[in-house]
Amino acid sequence: MDSYAIIGAVSILGACLCMGIGSIGSALGEGQAAAAALTAMAQQPDEAGRIRSTMFVTLAMLETTALYALLIAFLTLYANPFWNYAVNQ
Amino acid sequence: MECRTDFSQWFDLPWQDKPLGLESFDSIMLVDCGNYGINVTIFNSWLVIALITLVSWLVTRRISTGKNVSKMQIILETLVIWMQKEAKETSGSGSQKYFSMALGLFCFIVTANLLTFIPWFRPPTASLSTTMALALIVFMAIPYFSIKNAGIKGYLKKFIEPVPLLLPMNIFSEVFSVFAMGLRLFGNMLSGVMFAGILSAFIPFIAPLTMQTLGLLTGSIQAYIFALLALVYTSSVKKEEETSIT
Numbered sequence: 019m020d021s022y023a024i025i026g027a028v029s030i031l032g033a034c035l036c037m038g039i040g041s042i043g044s045a046l047g048e049g050q051a052a053a054a055a056l057t058a059m060a061q062q063p064d065e066a067g068r069i070r071s072t073m074f075v076t077l078a079m080l081e082t083t084a085l086y087a088l089l090i091a092f093l094t095l096y097a098n099p100f101w102n103y104a105v106n107q
Numbered sequence: 164m165e166c167r168t169d170f171s172q173w174f175d176l177p178w179q180d181k182p183l184g185l186e187s188f189d190s191i192m193l194v195d196c197g198n199y200g201i202n203v204t205i206f207n208s209w210l211v212i213a214l215i216t217l218v219s220w221l222v223t224r225r226i227s228t229g230k231n232v233s234k235m236q237i238i239l240e241t242l243v244i245w246m247q248k249e250a251k252e253t254s255g256s257g258s259q260k261y262f263s264m265a266l267g268l269f270c271f272i273v274t275a276n277l278l279t280f281i282p283w284f285r286p287p288t289a290s291l292s293t294t295m296a297l298a299l300i301v302f303m304a305i306p307y308f309s310i311k312n313a314g315i316k317g318y319l320k321k322f323i324e325p326v327p328l329l330l331p332m333n334i335f336s337e338v339f340s341v342f343a344m345g346l347r348l349f350g351n352m353l354s355g356v357m358f359a360g361i362l363s364a365f366i367p368f369i370a371p372l373t374m375q376t377l378g379l380l381t382g383s384i385q386a387y388i389f390a391l392l393a394l395v396y397t398s399s400v401k402k403e404e405e406t407s408i409t
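Chain order of the listed sequences is A and B. Mapping of the first sequence onto my numbering: residues 19 to 107, in sequence order. Mapping of the second sequence onto my numbering: residues 164 to 409, in sequence order.
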């Protein structure tokens with residue numbers, strides 16, 4: 019195999035693994051946060067508005083971890099520095 | 164110096180002929196003068212700024228009280244009052260000085276994100292340069308408001324709390340929390356645009372519409388979060404008396 023074939027294959031595999039493993043923790047965390055917020059909303063319906071807005075912020079912050087994985091996946095797929103190096107060689 | 168202008172590129176649909184990539188919005192040059200020029204990101208953010216300015220000017224030109232209030236004035240008043248309430252909830256007393264910055268950030272981001280319902284519009288927030296510039300504004304605003312609130316001593320004291328041993332960690336978290344704000348907005352918008360683009364390559368008719376509708380929701384929530392985090396970070400250092408009461 020040529021070097022750029024190996025780099026391409028590893029990049030795609032790496033991007034898939036990065037997305038798959040990286041989103042597990044964020045998904046579990048978001049589920050727990052949403053469940054806790056729903057419980058709190060059911061117990062205190064008066065405070066539902068504030069809890070909801072706090073929940074949205076928390077969810078977006080938890081999502082950040084998965085987004086970092088997404089950015090790394092994009093980076094390996096579209097802006098891979100080793101790819102250009104191998105092609106130019 | 165000769166400049167080449169080509170505004171027809173603005174009307175290329177995203178991902179039609181251009182390759183998918185991280186830098187692709189920044190690499191579409193509308194005005195190309197060799198080393199420098201105007202790319203789509205800059206042009207679209209100018210469009211957003213012009214739109215916000217125009218709407219605000221048109222509405223506040225004929226501002227009125229009583230019963231004959233125009234619809235747009237009610238919308239803008241609701242926006243301002245809502246952001247004032249948010250600022251008060253997150254930063255307590257003296258929230259008036261933070262709120263204008265947060266509202267400005269919110270208006271820019273939400274307009275940029277919601278204008279994606281125009282098919283040719285590439286949101287400027289889907290470029291890392293724009294989001295990092297916005298994050299840099301917040302990064303500059305944190306020491307400004309902190310020193311204004313508590314003086315230089317109070318601001319620097321934040322870094323050696325709770326123990327001086329944590330100084331490097333505090334500096335790191337100060338830089339990275341703002342850096343993460345920019346990355347979060349960029350990642351959300353880029354993933355929305357890319358997902359719609361990839362989906363429209365497979366199923367060009369109805370399916371991308373649902374994802375773009377979801378993108379509008381994500382865009383407005385992200386704008387809200389950006390403004391809220393800017394409020395939280397800028398108002399993190401307060402006077403001693405204020406923090407002891409609350």
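To be clear, the hints were calculated from the coordinates, so they are not data collected in a lab. Using N, Cα and C, we set each Cβ at its ideal position, and we do this for glycine too. Just so you know, not all the hints are guaranteed correct.
One side of the interface only, derived from the structure: several residues of chain A facing chain B at Cβ under 7 Å [stated by the list, open to error]:
1. Gly40
2. Ser44
3. Phe74
4. Val75
5. Leu80
6. Leu85
7. Leu88
Covered stretches of chain B, as calculated for chain A (at least 3 residues, CB under 8 Å) [stated by the list, open to error]:
8. 348 to 356
9. 386 to 393
Verification of the hints:
The restraint placing A:Gly40 at the interface with chain B is violated, with a minimum CB-CB distance near 12 Å, outside the 7 Å limit. Nearest Cβ of chain B to the Cβ of A:Ser44: about 12 Å, over the 7 Å cut. The hint is violated. Given hint, A:Phe74 at the interface with chain B, holds; its Cβ is 6 Å from that chain's nearest Cβ, closer than 7 Å. Of the supplied interface hints, the one on A:Val75 holds, with its beta-carbon coming within about 5 Å of a beta-carbon of chain B, less than 7 Å.
At about 11 Å, the closest approach between the beta carbon of A:Leu80 and any beta carbon in chain B exceeds 7 Å, and the interface hint on this residue is violated. Given the 7 Å rule on beta carbons, the hint for A:Leu85 holds: about 4 Å separates it from the nearest Cβ of chain B. A least Cβ separation of about 6 Å between A:Leu88 and chain B falls short of the 7 Å threshold, and the interface hint therefore holds. Remark: the segment 348 to 356 of chain B is confirmed as covered by chain A, as 5 of its residues place a Cβ nearer than 8 Å to a Cβ of that chain, reaching the required three.
Residue count for the segment 386 to 393 of chain B with a Cβ under 8 Å from a Cβ of chain A: 4. That meets the three needed, and the coverage hint holds.
When held up to the earlier numbered hints, the structure conflicts with 1, 2, 5 and fits the remainder.
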